[in-house]
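The chain contents come next:
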Amino acid sequence: MTEKEKTPPALWIRDLSVEFRGRNSTVYALSGLNLKINKGETLGLVGETGAGKTTAGLSVLGLVASPPGVITGGSISVAGKEIIAPLTGDEAELVRKRWGEKKHRFDPGVKRCVSEEEMMEMRGRHVSMIFQDPMTSLNPVITVEKQISEVISKHTDVSGSEALRRAGDMLELVGIPRSRGKEYPHQFSGGMKQRVVIAMALALSPELLIADEPTTALDVTIQAQVLDMMKKLRDENRTSMLMITHDLGIVADICDRVSVIYAGRVVEHGTLSDVFDHTLHPYTKGLFASLPDLENRETRLKPIRGLMPDPSIRYTGCPFADRCDEASEVCRKEAPPVYHRTEDHMTVCHLYRDKADKKGMRET
Amino acid sequence: MRNENPQLPPGAEKKKSRFGDTWKRLAENKAAMAGLFFLLFLIFMALTADLFFDYQKSCVDLNIASRLQWPSAEHWFGTDEFGRDMFARVVFGSRISLSIGFAAVAFGLFIGGIMGAVSGYFGGAIDNIIMRLCDIFLAVPMMLMAIVIVAALGTSILNLVIALAISCVPIFARIVRSAVLSVRDAEYVEAARAIGGKTGHIIFRYILPNCIGPIIVQTTLRIAATISNIAALSFIGLGVQAPRPEWGALLSGGRNFIRDSSYLATIPGICIMLTILSLNLLGDGLRDALDPRLR
Amino acid sequence: MAKYIIKRILYLIPVLIGVTLLVFFIMHLAPGNVAQIILGDNATPDQIAQLEKEMGLDQPVIVQYFRYLTGLLHGNLGNSYTTGASVTSEIMARFPYTIRLTVVAAVFSVILALPLGILAAVRQNTWVDSVSMIFSLIGVSMPIFWLALMLILIFALKLGWFPVYGADSFKSIILPAVSLGFMNMASIARTTRSAMVETIRQDYIRTAYSKGLSEREVIMRHAFRNGMLPTITVIGLEIGQMLGGSVLTETVFAWPGVGRLMIQAINGRDTPTVMGCIILMTVCFALVNLAVDLLYGVFDPRVRTMYR
Numbered sequence: 001m002t003e004k005e006k007t008p009p010a011l012w013i014r015d016l017s018v019e020f021r022g023r024n025s026t027v028y029a030l031s032g033l034n035l036k037i038n039k040g041e042t043l044g045l046v047g048e049t050g051a052g053k054t055t056a057g058l059s060v061l062g063l064v065a066s067p068p069g070v071i072t073g074g075s076i077s078v079a080g081k082e083i084i085a086p087l088t089g090d091e092a093e094l095v096r097k098r099w100g101e102k103k104h105r106f107d108p109g110v111k112r113c114v115s116e117e118e119m120m121e122m123r124g125r126h127v128s129m130i131f132q133d134p135m136t137s138l139n140p141v142i143t144v145e146k147q148i149s150e151v152i153s154k155h156t157d158v159s160g161s162e163a164l165r166r167a168g169d170m171l172e173l174v175g176i177p178r179s180r181g182k183e184y185p186h187q188f189s190g191g192m193k194q195r196v197v198i199a200m201a202l203a204l205s206p207e208l209l210i211a212d213e214p215t216t217a218l219d220v221t222i223q224a225q226v227l228d229m230m231k232k233l234r235d236e237n238r239t240s241m242l243m244i245t246h247d248l249g250i251v252a253d254i255c256d257r258v259s260v261i262y263a264g265r266v267v268e269h270g271t272l273s274d275v276f277d278h279t280l281h282p283y284t285k286g287l288f289a290s291l292p293d294l295e296n297r298e299t300r301l302k303p304i305r306g307l308m309p310d311p312s313i314r315y316t317g318c319p320f321a322d323r324c325d326e327a328s329e330v331c332r333k334e335a336p337p338v339y340h341r342t343e344d345h346m347t348v349c350h351l352y353r354d355k356a357d358k359k360g361m362r363e364t
Numbered sequence: 365m366r367n368e369n370p371q372l373p374p375g376a377e378k379k380k381s382r383f384g385d386t387w388k389r390l391a392e393n394k395a396a397m398a399g400l401f402f403l404l405f406l407i408f409m410a411l412t413a414d415l416f417f418d419y420q421k422s423c424v425d426l427n428i429a430s431r432l433q434w435p436s437a438e439h440w441f442g443t444d445e446f447g448r449d450m451f452a453r454v455v456f457g458s459r460i461s462l463s464i465g466f467a468a469v470a471f472g473l474f475i476g477g478i479m480g481a482v483s484g485y486f487g488g489a490i491d492n493i494i495m496r497l498c499d500i501f502l503a504v505p506m507m508l509m510a511i512v513i514v515a516a517l518g519t520s521i522l523n524l525v526i527a528l529a530i531s532c533v534p535i536f537a538r539i540v541r542s543a544v545l546s547v548r549d550a551e552y553v554e555a556a557r558a559i560g561g562k563t564g565h566i567i568f569r570y571i572l573p574n575c576i577g578p579i580i581v582q583t584t585l586r587i588a589a590t591i592s593n594i595a596a597l598s599f600i601g602l603g604v605q606a607p608r609p610e611w612g613a614l615l616s617g618g619r620n621f622i623r624d625s626s627y628l629a630t631i632p633g634i635c636i637m638l639t640i641l642s643l644n645l646l647g648d649g650l651r652d653a654l655d656p657r658l659r
Numbered sequence: 660m661a662k663y664i665i666k667r668i669l670y671l672i673p674v675l676i677g678v679t680l681l682v683f684f685i686m687h688l689a690p691g692n693v694a695q696i697i698l699g700d701n702a703t704p705d706q707i708a709q710l711e712k713e714m715g716l717d718q719p720v721i722v723q724y725f726r727y728l729t730g731l732l733h734g735n736l737g738n739s740y741t742t743g744a745s746v747t748s749e750i751m752a753r754f755p756y757t758i759r760l761t762v763v764a765a766v767f768s769v770i771l772a773l774p775l776g777i778l779a780a781v782r783q784n785t786w787v788d789s790v791s792m793i794f795s796l797i798g799v800s801m802p803i804f805w806l807a808l809m810l811i812l813i814f815a816l817k818l819g820w821f822p823v824y825g826a827d828s829f830k831s832i833i834l835p836a837v838s839l840g841f842m843n844m845a846s847i848a849r850t851t852r853s854a855m856v857e858t859i860r861q862d863y864i865r866t867a868y869s870k871g872l873s874e875r876e877v878i879m880r881h882a883f884r885n886g887m888l889p890t891i892t893v894i895g896l897e898i899g900q901m902l903g904g905s906v907l908t909e910t911v912f913a914w915p916g917v918g919r920l921m922i923q924a925i926n927g928r929d930t931p932t933v934m935g936c937i938i939l940m941t942v943c944f945a946l947v948n949l950a951v952d953l954l955y956g957v958f959d960p961r962v963r964t965m966y967r
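Chains as they are written, first to last, in the working numbering: chain A, 1 to 364; chain B, 365 to 659; chain C, 660 to 967.
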């Protein structure tokens, strides 16, 4: 075992399934998602809108809206600490006895291994999240310094004025004069607001930062500034990071590893060079083909045809089959096998079934 | 999110099924359905009252021998101080309450709707004048305004309708105006204008269909409020006059006998409450059905 | 903000003038000769003409109106047609009773409505939600005067806990205030619930949870202030409703307030008193709405910067 593997991963999600059970239909947001972030590393989670990226981030913090959200299976552990684990056979038996066989609306399929108090302790202090839209993720009626200091006073014993002072420090760290802390969110521009959100998320130097499309809502020029700042702060604090994005450029810029997510499951995972230079999955290839090529501007963009699959359908075969140029009959019928090109680089696709792992799904 | 394609009015791609969808959502709402059925039952009773009861006998003639009898098999709701059957009086009362309520709100909606549409669509000075007028009407608590109008015009059914209609006008004018404003500059209306749509066509084809939701909901709720106001006006002696058996008037009459014949005041009140409750349930249901996002 | 307040107060003036104009002309539509009413059926035409001249009733309506308006600016609301007393002093003698009743009713309704609405929103789609919303729905559907009668029947006549009418003890305000405030309580609770439901869905609530705050802290610190914005508007409107509703409550409970005075004045064709009551109620309503706007500034910094 190498030194790296002895320290538990900052985040390890195994086989996570999340459903949103409405009155008339169920949306399968995640169907067996696997993710692993080593300590100090940044993992990019790439996929289209609706692929389940945000749900993945929220389920780590235990903030999936419930109802209608239900975690039906899998496990999550943060820095070696189990948060959610699948039910053992005995426990599942108990649940069946209590609620019967029918799919109960609140049937968890998993157990929470930590109390709500422990979860609260974890949120903001050990795991923070930056949300997609800075325009709406700050409370409009509270000053920004108060909103930052709130997380400090919640988790530490410092006095109110000390918390405010440290909030001011954080503001300066993200490049906002501390005097502006007395102002309200509506007095800031979008980029400034996102800086405030970042200051809030990093106020207690959490070990894990989940950034959900932190720059999507910003202007391109501001995007670069914010990204650079996040990179700097991450490196200073040795923060592990889950970077949720649909932008491969950001992945190339900031991530160590990439997981490509499609219809609630990871279809390809590897280091930057694995995924960028030895692309395996047709969907990942499609993502690259739909990027403009700056060196050869003559080539036409090749978008992926079709739309995201209907999330209220449970696929038996490969969910990408309908949009895939290389799909064959088997793709629509059977679940695709896992193939490991190297120890780190894997994909889930029928194209590689001849070389696929004998033992089926291997943890990534 | 709600409207991915700004070129289309919300729900336009499913134009035909829009009414059907709303109805389906409404039908799923048990409370709203209960309200609707109670209202339909009331309307049925009000329309067919003459088949079951004799107006002259139950509302005009006196029968002192059987006065102030508590509810029994013979007189379901008891008899009043003149020995008239309360059940028949309550049924005839529904006729008055419902017809004045519907008439006043329809009248108010008509006037207010035109004012609001004109105000919202044309804007400028017309808008300003109409809205300031509404401000003046809304500055006086509604009940007081109705009282003053009835007091000045005299207590006839027509004046009651006018007074109650006037108190609805500014509310409808404001709702229609803001609904018109919210869609007037919407992209799909601009698109319709850009391809050369005529004003009238735009108003009827694009603007009105998208205002209809809040108007329907508010109409239902206004009818409820108006029925309550009719009863209130009758109660203080400014509404429907004896011997007409309006619910508020019945209640007012029963008030004098509350110590020993409390059913006289209780029963009409329950009728008013159930009617208003039904309208409110239906109104809430309609609001949820028309805008499922809210629930 | 000060500039904004002044602007708002200045805007009140044309509205109030409009109201006086409106009510004056509506009252003028009333059939019957005022002098005749005052003097009674036995008056000779000469006496009537004499009195009309004294009162200025022989002049065009518009002139009468301007004379009334001039008086109003000096705080003079004219003299009652029925008692001859100064309307201002008559109204002022009754006004404290109406204020007391409305304030108690408003406090009662707000204190009950806010927790009810917040609880229903936080426990959305549970039995807590259903029960409190059914309760509120019945509340908004209950006519004030009927509720008043039922309260009298149960708590005054049957149980004897409270007096049937009058305004002489502390106990005597309970039933009128409850009957006046109940409907508004229900209505405020419903608004609070829907405002809070809307607020709880906002992204910043999720942000607040992601900071590790407890549900209680999120609701009280983050959701409450935002959810209050639509609610205080409705509270203002509901207080206006209560001013109107006080006419009914005061009549049922024989409460010696302005509302009851107004009904007596209407029955006696006493135009100056009716006018006075309406103007007073309208001013109160306008002041309540002004207070609501100021509260908006307190609750919402965006409003504050807008009018800085």
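Please keep in mind that the hints were generated in silico from the structure rather than gathered at the bench. No residue lacks a Cβ here, since even glycine has one placed at the ideal position from N, Cα and C. Take these hints with a grain of salt, some might be off.
To be verified - Quick list of simulated restraints, FRET-style, between CB atoms:
(1) A:186 / C:790: 49 to 59 Å
(2) B:558 / C:733: 50 to 60 Å
(3) B:445 / C:664: 52 to 62 Å
(4) A:325 / C:963: 27 to 37 Å
Q. Which hint numbers does the structure go against, in order from smallest to largest?
A. When the structure is compared with the hints, numbers 1, 4 turn out to be violated.
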